[in-house]
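Listed in order, the protein sequences are those of chains A and B.
With positions in the first sequence counted from 1, the corresponding number in my numbering is that position plus 122.
With positions in the second sequence counted from 1, the corresponding number in my numbering is that position plus 23.
Hints should not be assumed to be uniformly reliable.
Derived CB-CB ranges, DEER-like [to be verified]:
| hint | chain 1 | residue 1 | chain 2 | residue 2 | range |
| --- | --- | --- | --- | --- | --- |
| 1 | A | E199 | B | A153 | 44 to 50 Å |
| 2 | B | R53 | A | G158 | 29 to 35 Å |
| 3 | B | R76 | A | R209 | 29 to 35 Å |
| 4 | A | E199 | B | R83 | 26 to 32 Å |
| 5 | A | R209 | B | A281 | 54 to 60 Å |
| 6 | A | E199 | B | P165 | 33 to 39 Å |
| 7 | B | V315 | A | A210 | 45 to 51 Å |
| 8 | A | A221 | B | R78 | 44 to 50 Å |
| 9 | B | R76 | A | L205 | 27 to 33 Å |
These are computed hints drawn from the structure, not numbers from a lab.
Cβ coordinates follow ideal geometry from the N, Cα and C atoms, glycine included.
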Amino acid sequence: MPSTRPNDPNLLILTSLASGEKHGYALLQDIEQFAGVTLGPGTLYGAIARLEERGMIEPAQKSGRRRPYRLTATGAEELSDALAEIRAIADEGGRRLAARTGVAGAPA
Amino acid sequence: VSSANGRRRRRRLTPGPNTLLALFPSAWRRRYGDELDALILDMHADGRDTGTRMRIDLLRAAARARLRGGGDPSRRIRDGASLVLWAWALFVIAGAIVAKTSEHWQQALPGQAAAHVAFAVFTVIAVIAAAAIFGGIAIPAPAVWRLLREGGWTRVRRRVLRASVLSATVIVATTALVTWAHRLTVADRNGHDHLYAAAFVIWAALVAACLLAWTAVATRIATDIRCDRTVLRVQAWLAPAVALAMAAMTAAVLVWWAVVGAYAPGALTGGTALAHPSPVVPLLALAAALMVFATGVAAVGAVRAETAHAQL
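Let the hints inform the model, and build the full structure from the sequences given.
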């Protein structure tokens with residue numbers, strides 16, 4: 123399962139591929155656009171290799187020297203689980219922050 | 024001149040992907056090298072930073088890929104365990120050099136507890152680590168037997184024959200050397216008889232070659248066997264344990280060397296006390312360097328096995 127750190131390369135790649143297949147440079151640009159994170163080429167391909175090995179992504183038809191990748195069913199499931207965890211943490215954080223603000227703002 | 028400088032600068036800024044890609048494991052390069060090269064050229068064409076930061080990123084990725092190894096988790100655990108076995112073989116050779124140079128040092132240095140403790144720690148851990156290595160080799164024995172019966176013998180036959188011939192040669196050479204040694208004085212056995220010294224070096228080289236030949240047999244078999252999860256888990260647990268043991272033994276030898284070198288450097292040559300007053304004995308330095316190198320190799324194997332274990 124990918125890490126629940128929002129800047130985890132595995133999570134970013136799976137999220138990017140959720141909207142359709144992309145090759146290396148398209149992934150890089152998309153991740154920059156939606157997450158504001160610039161992955162280095164080595165980091166990107168290290169993560170691609172790990173994800174492919176775990177069956178979370180698969181290569182599509184090569185076009186020239188570029189090879190697009192797409193999400194597999196396993197990858198979609200793993201991404202969904204990771205996002206649910208992140209959502210649960212975000213919700214819990216939001217609740218706690220609201221409660222804290224409520225206490226701080228309560229009349230003495 | 025300015026134009027030439029500009030060209031040079033541009034050339035320097037060109038990523039030089041082939042040089043950096045060469046650092047990745049060959050299997051990784053065959054699979055992803057072309058795509059990664061295309062990505063770097065795309066980035067370069069787009070005017071992105073392809074300088075130092077990118078080079079560091081590629082270096083880090085190459086180191087990770089090498090540490091991690093390739094293939095499924097089972098393969099990576101077996102590869103990691105094989106690396107630890109190679110490292111252990113080198114460590115044994117280094118340990119034998121230490122054992123030779125440490126003969127009789129106790130008599131020369133009776134009062135230094137640190138040296139005695141360090142040497143005892145080295146000996147005890149060596150026995151435990153050797154037991155772990157034998158355990159690691161014995162546990163997959165049923166899988167090895169299955170592999171040999173299913174046609175694996177033809178793939179290892181040549182290596183086994185080579186190791187067997189070397190073993191027979193070592194037995195004959197040991198018998199001859201021991202018979203010769205019994206006819207010599209202690210001084211002759213420790214360097215005064217040059218012919219015997221040369222024969223001893225040849226015998227030691229034969230023993231080392233024999234050890235490495237059997238290690239090659241074991242690691243070749245490890246490439247092909249199909250182990251169940253329990254065996255793989257044990258291997259993944261033993262690999263870091265042996266690597267840690269090697270690190271501890273290296274530290275113990277360095278402490279022992281420092282203390283003996285400071286108080287009785289003559290004892291470091293094994294039986295020729297005061298013949299060599301310097302604490303820097305080339306053979307011991309070689310052994311220490313070999314131990315450090317072997318520990319590094321074992322650490323790589325241990326990391327590979329341990330990271331794969333998490334995905335098993």
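Here is what the structure says about each hint:
no., hint, result
1, A:E199 x B:A153: 44 to 50 Å, "holds (46 Å)"
2, B:R53 x A:G158: 29 to 35 Å, "holds (34 Å)"
3, B:R76 x A:R209: 29 to 35 Å, "holds (33 Å)"
4, A:E199 x B:R83: 26 to 32 Å, "holds (30 Å)"
5, A:R209 x B:A281: 54 to 60 Å, "holds (57 Å)"
6, A:E199 x B:P165: 33 to 39 Å, "holds (36 Å)"
7, B:V315 x A:A210: 45 to 51 Å, "holds (47 Å)"
8, A:A221 x B:R78: 44 to 50 Å, "holds (48 Å)"
9, B:R76 x A:L205: 27 to 33 Å, "holds (30 Å)"
This entry satisfies every hint, going by the numbered hints stated previously.
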